[in-house]
Amino acid sequence: MNDVTGMPQTAVVIGGGSDIALATLRSLAKRRLRRVVLLGRHEEVLNGAAAQLRSAGIEDVSIAIYDVNDVGRAAEIVEKTVEILGTVDLVFVAAGFLGDAKLEVIDPEIVSRTISTNFTGPAAVMTAFAHRLAVQGYGRFVVLSSVAGVRVRKSNFVYGSAKAGLDGFAQGLDDALVGTGLSVMIVRPGFVHSKMTFGLKAAPMAVTPEAVGQAIVRGLETGASVVWAPSSLFWVFAVLVHLPRRLWRLIPG
Amino acid sequence: MTVGKLEIFVGWGRNNGTGAKHLKPRNTKEVASLVERSPRCIARGLGRAYGDAAQCAGGAVIDCTGLGEILEFDVGTGVIRVEAGCSLDELSRYSVARGWFVPVTPGTAFVTIGGAVAADVHGKNHHREGSIARYVEEICLVTQGGPRTIGPNRDPDLFWATCGGMGLTGVITEVSLQLMPIATSSISVDTDRARDLDSCMEMLASGDENYRYSVAWVDARTRGRGLGRSIVTRGDHAKVGDLVSTQRNIPLSYNPVQRVRVPFTPPVSMVNALTLPVFNALWYHKAPKHRLREIQSMNAYFYPLDMLGDWNRLYGPKGFTQYQMVVPFGEEHVVRYTIERLQEAGCPSALGVLKRFGEGGPSPLSFPMPGWTLALDIPLGSAELAIALDDCDRHVANAGGRVYLAKDGRLRPELMREMYPRLDEFIEICHRTDPQGIFVSDLSRRIGLTPAPPTHRKRMNP
Chain W
1 MNDVTGMPQT
11 AVVIGGGSDI
21 ALATLRSLAK
31 RRLRRVVLLG
41 RHEEVLNGAA
51 AQLRSAGIED
61 VSIAIYDVND
71 VGRAAEIVEK
81 TVEILGTVDL
91 VFVAAGFLGD
101 AKLEVIDPEI
111 VSRTISTNFT
121 GPAAVMTAFA
131 HRLAVQGYGR
141 FVVLSSVAGV
151 RVRKSNFVYG
161 SAKAGLDGFA
171 QGLDDALVGT
181 GLSVMIVRPG
191 FVHSKMTFGL
201 KAAPMAVTPE
211 AVGQAIVRGL
221 ETGASVVWAP
231 SSLFWVFAVL
241 VHLPRRLWRL
251 IPG
Chain R
254 MTVGKLEIFV
264 GWGRNNGTGA
274 KHLKPRNTKE
284 VASLVERSPR
294 CIARGLGRAY
304 GDAAQCAGGA
314 VIDCTGLGEI
324 LEFDVGTGVI
334 RVEAGCSLDE
344 LSRYSVARGW
354 FVPVTPGTAF
364 VTIGGAVAAD
374 VHGKNHHREG
384 SIARYVEEIC
394 LVTQGGPRTI
404 GPNRDPDLFW
414 ATCGGMGLTG
424 VITEVSLQLM
434 PIATSSISVD
444 TDRARDLDSC
454 MEMLASGDEN
464 YRYSVAWVDA
474 RTRGRGLGRS
484 IVTRGDHAKV
494 GDLVSTQRNI
504 PLSYNPVQRV
514 RVPFTPPVSM
524 VNALTLPVFN
534 ALWYHKAPKH
544 RLREIQSMNA
554 YFYPLDMLGD
564 WNRLYGPKGF
574 TQYQMVVPFG
584 EEHVVRYTIE
594 RLQEAGCPSA
604 LGVLKRFGEG
614 GPSPLSFPMP
624 GWTLALDIPL
634 GSAELAIALD
644 DCDRHVANAG
654 GRVYLAKDGR
664 LRPELMREMY
674 PRLDEFIEIC
684 HRTDPQGIFV
694 SDLSRRIGLT
704 PAPPTHRKRM
714 NP
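Residue numbers (this note's numbering), protein chains in the order written: chain W, 1 to 253; chain R, 254 to 715.
If you are wondering where the hints come from, they were derived from the structure by calculation, not from laboratory data.
All of these numbers come straight from a predicted model, not from anything done at the bench.
Beta carbons: idealized from backbone N, C-alpha and C, even for Gly.
Certain hints may be false.
What the hints assert, rightly or not - Below, a list of computed lysine-lysine pairs in the DSBU-like style, where the Cα atoms sit at most 30 Å apart: (1) W/Lys30 with R/Lys274; (2) R/Lys274 with W/Lys80; (3) R/Lys539 with R/Lys274; (4) W/Lys80 with W/Lys195; (5) W/Lys30 with W/Lys102; (6) W/Lys80 with W/Lys154.
Said to hold, decoys possible - Simulated restraints on C-beta separations: (7) W/Ala51 with R/Asp644: 26 to 32 Å; (8) W/Leu200 with R/Asn525: 39 to 45 Å; (9) R/Arg448 with W/Gly57: 43 to 49 Å.
What the hints assert, rightly or not - Which stretches of chain R does chain W cover? Using the computed rule of at least three CB atoms under 8 Å from a CB of chain W, they are: (10) 268-278; (11) 466-472; (12) 694-700.
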């Protein structure tokens with residue numbers, strides 16, 4: 001069960017290898033989190049993540065192979081998760097894939113794959129969880145969106161547009177869930193030093209997965225519906241969204 | 254019998270609601286048939302538990318407010334038999350005029366008698382007269398096997414587990430209660446101002462035994478020298494001779510009216526860092542330094558907040574919680590620590606309530622024990638609150654104290670057994686009367702008050 005300070009006891013992670021998700025769960029382990037299911041594509045990645053969580057104090061960690069693009073299995077994986085956890089307090093949606101956005105490199109296949117991994121796949125499995133958790137009577141979603149989706153940029157517009165889609169979906173889902181006991185918290189990190197961005201040049205105001213994790217825990221505690229990490233990005237983007245396109249497209253990186 | 258659809262239930266703190274089927278039976282027989290058909294359920298009264306005690310996510314909430322009849326009353330002995338959904342307000346409106354009052358009352362009259370027994374509530378007379386379970390003669394309890402009559406001499410294990418058992422032994426549908434004789438519906442109140450926490454505690458410790466009722470309202474916000482400055486109000490039921498002449502003809506009139514309601518939930522909490530200092534200063538300085546034998550209505554003395562309907566809305570959309578703990582005598586420093594820790598966390602607490610408890614009862618999950626109890630209402634939504642309260646829990650548990658389950662929404666489950674050493678005994682009794690574990694609440698699942706459901710857990714094959 002979640003408590004009045006927003007702290008969950010059980011959680012499932014979609015994209016179980018995510019650095020941000022793991023950092024968050026390690027923080028939550030110090031509070032009430034005791035049982036976790038990690039879903040992802042690669043067994044060895046999940047095993048490594050599970051070991052990390054166990055050493056953070058969560059003894060009960062299970063893993064299951066699930067490719068977020070495999071929409072046909074969404075309902076099945078939700079049932080499996082519920083069977084293991086009993087009740088699901090927190091659904092952490094962290095699946096994502098940065099991909100390339102240079103016009104010379106991308107092809108229909110890459111674009112389709114990037115959008116599906118970042119948007120349609122997560123949206124589909126969130127829908128399956130929403131249906132199941134409505135029966136349970138409560139539950140919280142945490143969805144990793146990105147500032148890349150707040151205003152889509154030339155340098156990562158495929159990823160960015162998919163995150164924009166996911167962000168919109170999450171907002172709409174949250175509104176649709178009013179009165180069911182379920183809710184959605186959207187997380188919009190800036191540049192995060194993680195596996196996903198390894199080797200890339202850091203953007204201004206870059207943060208660590210731990211910092212994003214702490215912002216997420218804080219968001220759960222304060223009952224936030226949107227979390228920016230770092231929080232100052234809220235003000236930065238309040239300005240940037242109004243920048244004329246001619247200027248916006250000149251922003252490098 | 255009305256069977257509704259999934260509905261969101263929240264506690265009085267208006268936070269962390271969960272969806273459940275809303276069932277509203279009108280008599281014991283209907284309760285029994287609903288219990289028989291529900292795989293998981295919990296009874297609910299007027300929803301005054303602050304946390305998740307009367308919620309049952311994904312199951313059924315059995316709303317007992319449809320069982321509101323007064324069944325029998327012996328005006329000679331003062332024993333009343335009522336249906337469990339009858340509120341203390343309704344009960345008093347009936348009994349006070351006849352010269353009898355509930356022997357124990359919490360700070361609101363808007364609780365049902367069933368809820369009061371299930372939480373084993375205490376009042377301002379606990380230091381002398383104990384909690385409500387002491388005055389219960391009989392309970393009709395709908396268990397998994399149907400309705401049963403229990404009492405201190407009739408299935409005592411189940412009876413005591415039911416008092417303070419948070420509804421986890423079954424649904425209380427009827428209660429027989431020994432009322433207390435009164436001569437008037439007024440209270441003769443002595444008021445004293447204490448300039449800080451130490452002098453307040455000293456005042457309570459030295460003078461309490463002279464009064465039936467005793468409580469201190471503590472300013473939990475002021476720091477430094479004035480930390481814990483308080484208004485101590487103590488009294489007893491007035492005698493007819495204490496009343497002014499116009500009231501002597503109608504000494505037992507009792508007709509409290511709710512003048513104002515909070516009409517809507519404001520977008521932010523009205524209890525905040527701006528309003529609190531002003532309110533607390535006004536409240537402290539308005540009280541007399543020392544005043545004897547002031548005649549107050551019972552309503553004004555026992556239920557000051559009841560005059561403002563839906564006051565919990567003042568805390569805004571994020572709601573609030575109440576932290577109520579008790580620590581044994583000799584551990585007074587934990588009271589100070591709790592106030593200071595919450596100040597340090599920047600969590601503005603409105604008025605706190607401080608009181609000395611007397612002997613505890615025989616119930617395995619009953620809250621009161623001899624010592625000091627402190628209750629603080631705290632707005633939710635601060636990121637510092639969760640850890641601050643965890644720290645307080647640790648100190649309370651180390652001191653041999655505990656927190657009150659009827660107020661709780663966030664206790665660390667690992668501390669439950671430490672705070673309530675007789676938990677296993679309680680779980681054992683629940684398991685005996687309810688082997689399938691159908692009586693379950695969000696509270697019981699969150700902190701493990703009932704046996705864990707049979708697990709058919711298998712590891713997933715990756």
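Hint-by-hint comparison with the structure:
1. W/Lys30 with R/Lys274: It is violated: about 34 Å lies between the C-alpha atoms, which goes past 30 Å.
2. R/Lys274 with W/Lys80: holds (25 Å)
3. R/Lys539 with R/Lys274: violated (47 Å)
4. W/Lys80 with W/Lys195: Distance ~28 Å between lysine 80 of chain W and lysine 195 of chain W Cα, so the pair holds.
5. W/Lys30 with W/Lys102: Not OK: lysine 30 of chain W and lysine 102 of chain W at ~42 Å, beyond 30 Å, violated.
6. W/Lys80 with W/Lys154: violated (40 Å)
7. W/Ala51 with R/Asp644: 26 to 32 Å: Hint holds: Cβ distance 30 Å, inside 26 to 32 Å.
8. W/Leu200 with R/Asn525: 39 to 45 Å: Since leucine 200 of chain W and asparagine 525 of chain R have Cβ atoms about 43 Å apart, the given range 39 to 45 Å holds.
9. R/Arg448 with W/Gly57: 43 to 49 Å: 46 Å Cβ-Cβ, so the 43 to 49 Å window holds.
10. 268-278: holds (count 6)
11. 466-472: violated (count 0)
12. 694-700: holds (count 3)
Consistency with the previously given hints fails for numbers 1, 3, 5, 6, 11, ordered from lowest to highest.
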